[in-house]
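**Q** Now for the letters of each chain:
There are 2 protein chains.
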Amino acid sequence: MKVIGIVAEYNPLHNGHVYQIEYAKNELNADAIVVVLAGDFLQRGLPAVMERTLRAKAAVDAGADVVFEMPTVVATSSANDYALGSIALLHHCGVVTDLLFGCENGSDDDFLRAAKAIEELEGTETFSDTINLFKSQGYSFAEARAKSICKMKPELSEAFLSSPNNTLGIEYVRALLHFKSDIKPNALPRVGAQHGSSRTLDQYASASLIRDMLSKGDDVAAFVPEATKHLLYDVTSPMLFPDDFSLLLHQRLIEEDSFKRYLDCNNDISNKIRKYRDAFVSYDKFAQLLKSKDLELSRIQRILTHILLQISDNHRNLLHRMDYETYLHLLAFSNQGKVLLKEMKKTAYLPLFQSPKEAMEKLSQVQQKMFQVDLRAADIYRMVTTNKYHQALPTEYTRKFQ
Amino acid sequence: MKVIGIVAEYNPLHNGHVYQIEYAKNELNADAIVVVLAGDFLQRGLPAVMERTLRAKAAVDAGADVVFEMPTVVATSSANDYALGSIALLHHCGVVTDLLFGCENGSDDDFLRAAKAIEELEGTETFSDTINLFKSQGYSFAEARAKSICKMKPELSEAFLSSPNNTLGIEYVRALLHFKSDIKPNALPRVGAQHGSSRTLDQYASASLIRDMLSKGDDVAAFVPEATKHLLYDVTSPMLFPDDFSLLLHQRLIEEDSFKRYLDCNNDISNKIRKYRDAFVSYDKFAQLLKSKDLELSRIQRILTHILLQISDNHRNLLHRMDYETYLHLLAFSNQGKVLLKEMKKTAYLPLFQSPKEAMEKLSQVQQKMFQVDLRAADIYRMVTTNKYHQALPTEYTRKFQ
Numbered sequence: 001m002k003v004i005g006i007v008a009e010y011n012p013l014h015n016g017h018v019y020q021i022e023y024a025k026n027e028l029n030a031d032a033i034v035v036v037l038a039g040d041f042l043q044r045g046l047p048a049v050m051e052r053t054l055r056a057k058a059a060v061d062a063g064a065d066v067v068f069e070m071p072t073v074v075a076t077s078s079a080n081d082y083a084l085g086s087i088a089l090l091h092h093c094g095v096v097t098d099l100l101f102g103c104e105n106g107s108d109d110d111f112l113r114a115a116k117a118i119e120e121l122e123g124t125e126t127f128s129d130t131i132n133l134f135k136s137q138g139y140s141f142a143e144a145r146a147k148s149i150c151k152m153k154p155e156l157s158e159a160f161l162s163s164p165n166n167t168l169g170i171e172y173v174r175a176l177l178h179f180k181s182d183i184k185p186n187a188l189p190r191v192g193a194q195h196g197s198s199r200t201l202d203q204y205a206s207a208s209l210i211r212d213m214l215s216k217g218d219d220v221a222a223f224v225p226e227a228t229k230h231l232l233y234d235v236t237s238p239m240l241f242p243d244d245f246s247l248l249l250h251q252r253l254i255e256e257d258s259f260k261r262y263l264d265c266n267n268d269i270s271n272k273i274r275k276y277r278d279a280f281v282s283y284d285k286f287a288q289l290l291k292s293k294d295l296e297l298s299r300i301q302r303i304l305t306h307i308l309l310q311i312s313d314n315h316r317n318l319l320h321r322m323d324y325e326t327y328l329h330l331l332a333f334s335n336q337g338k339v340l341l342k343e344m345k346k347t348a349y350l351p352l353f354q355s356p357k358e359a360m361e362k363l364s365q366v367q368q369k370m371f372q373v374d375l376r377a378a379d380i381y382r383m384v385t386t387n388k389y390h391q392a393l394p395t396e397y398t399r400k401f402q
Numbered sequence: 001m002k003v004i005g006i007v008a009e010y011n012p013l014h015n016g017h018v019y020q021i022e023y024a025k026n027e028l029n030a031d032a033i034v035v036v037l038a039g040d041f042l043q044r045g046l047p048a049v050m051e052r053t054l055r056a057k058a059a060v061d062a063g064a065d066v067v068f069e070m071p072t073v074v075a076t077s078s079a080n081d082y083a084l085g086s087i088a089l090l091h092h093c094g095v096v097t098d099l100l101f102g103c104e105n106g107s108d109d110d111f112l113r114a115a116k117a118i119e120e121l122e123g124t125e126t127f128s129d130t131i132n133l134f135k136s137q138g139y140s141f142a143e144a145r146a147k148s149i150c151k152m153k154p155e156l157s158e159a160f161l162s163s164p165n166n167t168l169g170i171e172y173v174r175a176l177l178h179f180k181s182d183i184k185p186n187a188l189p190r191v192g193a194q195h196g197s198s199r200t201l202d203q204y205a206s207a208s209l210i211r212d213m214l215s216k217g218d219d220v221a222a223f224v225p226e227a228t229k230h231l232l233y234d235v236t237s238p239m240l241f242p243d244d245f246s247l248l249l250h251q252r253l254i255e256e257d258s259f260k261r262y263l264d265c266n267n268d269i270s271n272k273i274r275k276y277r278d279a280f281v282s283y284d285k286f287a288q289l290l291k292s293k294d295l296e297l298s299r300i301q302r303i304l305t306h307i308l309l310q311i312s313d314n315h316r317n318l319l320h321r322m323d324y325e326t327y328l329h330l331l332a333f334s335n336q337g338k339v340l341l342k343e344m345k346k347t348a349y350l351p352l353f354q355s356p357k358e359a360m361e362k363l364s365q366v367q368q369k370m371f372q373v374d375l376r377a378a379d380i381y382r383m384v385t386t387n388k389y390h391q392a393l394p395t396e397y398t399r400k401f402q
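Taken in sequence, the protein lines are chains Y and W. For the first sequence, the residue numbers in our numbering are 1 to 402. For the second sequence, the residue numbers in our numbering are 1 to 402.
Read the hints as simulated data drawn from the structure, not as lab findings. Any given hint could turn out to be false.
As the list claims (entries may be wrong) - If you anchor each label on the Cβ, the simulated ranges turn out as follows:
(1) W:SER292 - Y:LEU295: 28 to 38 angstroms
(2) W:LYS229 - Y:GLN368: 32 to 42 angstroms
(3) Y:SER237 - W:PHE241: 42 to 52 angstroms
(4) W:PHE241 - Y:ASP278: 38 to 48 angstroms
(5) W:GLU256 - Y:ASN271: 49 to 59 angstroms
(6) Y:SER237 - W:ASN335: 52 to 62 angstroms
(7) Y:THR398 - W:SER136: 30 to 40 angstroms
Backbone N, C-alpha and C define an ideal beta-carbon position, used for all residues, glycine too.
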């Protein structure tokens with residue numbers, strides 16, 4: 001049985017994502033698709049435009065068979081932990097045979113080569129010295145890192161390494177190597193460089209462009225499948241944007257005088273936050289205010305999200321100590337998924353559950369600590385939705401599973 | 001020198017308040033007027049419609065000479081502590097000769113007689129037994145209390161005692177007795193029962209009616225003096241209503257599982273809050289949801305405000321232990337007020353200050369604990385204003401005194 005794993009945010013699910021699912025089924029002949037989905041808060045440090053159960057349902061409607069929630073600590077981490085934490089779930093399911101991931105360009109072999117090369121270099125003294133040398137010449141950390149890799153492994157291309165769309169792919173493959181997983185990586189260059197899609201090019205738009213259009217009230221129907229259209233244009237489905245979280249973030253920022261304990265922060269950034277917090281107006285504007293050449297926007301956004309959700313360095317330490325062995329929190333499944341879940345009862349190495357009640361019975365103490373963050377994140381997302389749309393919503397404890 | 005003290009909320013300052021100030025000047029021949037003003041959160045457990053420095057300035061524009069801020073713990077307490085805490089400030093100024101307060105009806109002597117009678121009864125076993133007897137017959141606590149007083153002191157009238165507009169007046173006079181103060185109480189029956197006003201009856205509306213009109217965008221110009229008109233109809237002046245605080249309150253409600261430590265709460269109410277909190281939609285709706293025959297709205301609102309501002313039973317205990325000897329936080333003054341403040345430098349028994357920096361130098365540790373609540377309340381009010389009006393506002397530390 002060929003089971004293909006996908007790591008995704010689906011924020012929101014659009015035609016490009018559907019193309020990937022169809023490619024898995026039609027080109028790679030997948031019997032089933034398992035998705036590890038980021039929850040209500042995402043890797044670039046932003047809240048999702050729609051809450052995770054809605055996005056999970058849309059994924060199933062678009063062809064996914066089983067959708068698990070990525071723990072929030074993983075979902076809001078930078079690329080390395082994000083990849084390790086998500087691939088761990090696919091690996092520990094015990095049924096996934098293949099990984100499919102989107103990229104800018106490059107073959108499966110390109111990714112394997114790059115991943116192996118970086119695994120060799122990472123942590124060595126020469127590597128960090130070379131990075132520092134390039135940084136002293138004015139390159140950003142990401143640029144300096146790509147240049148260093150190419151300098152030490154001349155067989156790799158800088159253009160390939162430095163494309164942001166390839167970075168996550170390389171990290172996924174490194175994660176497979178880390179877990180000594182039998183899962184086979186499959187790179188899918190983004191639409192435009194691809195044949196085989198039933199859609200025309202003008203049906204594709206990036207998730208960030210779609211969110212931008214949504215925030216302005218523009219029509220995005222051309223770029224999303226029925227499953228998402230149904231959600232977005234149903235008057236009762238709430239949509240949130242980062243500024244909806246401004247007040248709660250502002251409160252967190254005045255409640256403490258040091259933020260260095262929060263994940264991705266450090267003493268300098270903590271001081272900067274403290275210095276500027278009296279000028280806080282909104283989530284977006286504050287992130288822009290803190291941005292500088294040395295401090296990129298996605299890192300700031302991640303830090304602000306970690307402050308909002310109270311995710312500290314301790315959480316990352318826990319994640320490392322448990323080698324990413326978290327849990328399989330089921331969000332949605334298809335009929336075919338039901339069969340697969342039955343199989344996983346035998347194969348899965350991690351606790352699998354649907355409700356918080358079940359979680360409390362099955363999770364170890366350390367796993368529960370990670371899951372508490374998911375519950376807090378869900379509560380915050382729910383409160384902000386309630387405040388914006390003036391309706392009480394079910395909590396994680398009272399929600400009915402569909 | 002005749003200095004008249006007034007305890008007020010001015011939420012907002014309206015023609016009835018101006019009438020009271022003019023009465024002090026023209027009928028009682030006041031040389032100066034000292035106002036003790038409730039800050040950003042008020043006695044009925046609601047946030048003020050405009051922040052305290054704006055309301056203080058309006059008071060000076062309308063004829064007040066010195067305006068002090070009531071500590072937040074006092075301003076959000078029920079009638080007894082509210083009166084003791086505010087009268088303490090007037091008493092400890094050392095310059096106030098007279099107290100002027102509004103009431104429904106009755107003479108100065110009526111208030112003195114009632115205050116003395118209640119002082120005698122309060123705390124005795126017979127009194128609480130009688131109250132319980134009336135409560136068992138289905139009367140509310142306030143009703144049972146009034147009935148008990150009249151039963152044991154037949155010379156007092158139940159109609160006089162049970163009018164909510166008289167209750168605070170009685171508490172003010174009791175507070176004067178408590179402090180053995182030389183300040184002379186003056187009761188001013190509300191306009192309508194009064195002569196001597198330069199305005200016609202249709203220029204008077206209650207503060208709550210005015211707030212209600214403001215929340216609907218109705219024109220209130222006829223009921224407020226120039227000072228308030230200027231504020232309300234200046235596009236840059238922000239107005240807040242209780243529901244603007246919904247999100248922050250909601251967050252407080254999910255962060256803890258017991259609320260019984262908060263001032264005015266108890267175990268039963270804490271359980272009720274916990275039971276209903278998943279149905280939270282907004283501040284107003286949640287207060288309505290909790291309301292019952294035994295639990296009146298103003299108490300619920302006070303509890304919710306205490307949860308929002310983190311005011312606990314400990315704060316009341318501190319207040320009692322220090323016998324209400326808090327501080328004189330100056331908010332605004334007139335030219336005449338400047339002269340009075342100079343005099344107070346010699347007479348005032350409590351630390352007098354303008355800025356938080358000065359407060360930290362002058363306040364005792366216990367007083368600082370009370371003042372920290374004021375700073376927190378100001379921060380919360382400011383954050384909510386920033387969130388609603390998308391502008392950064394000065395903090396208590398960066399605000400310029402006008």
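**Q** Could you tell me which of the hints above the structure violates, numbers in ascending order?
**A** 1, 2, 3, 4, 5
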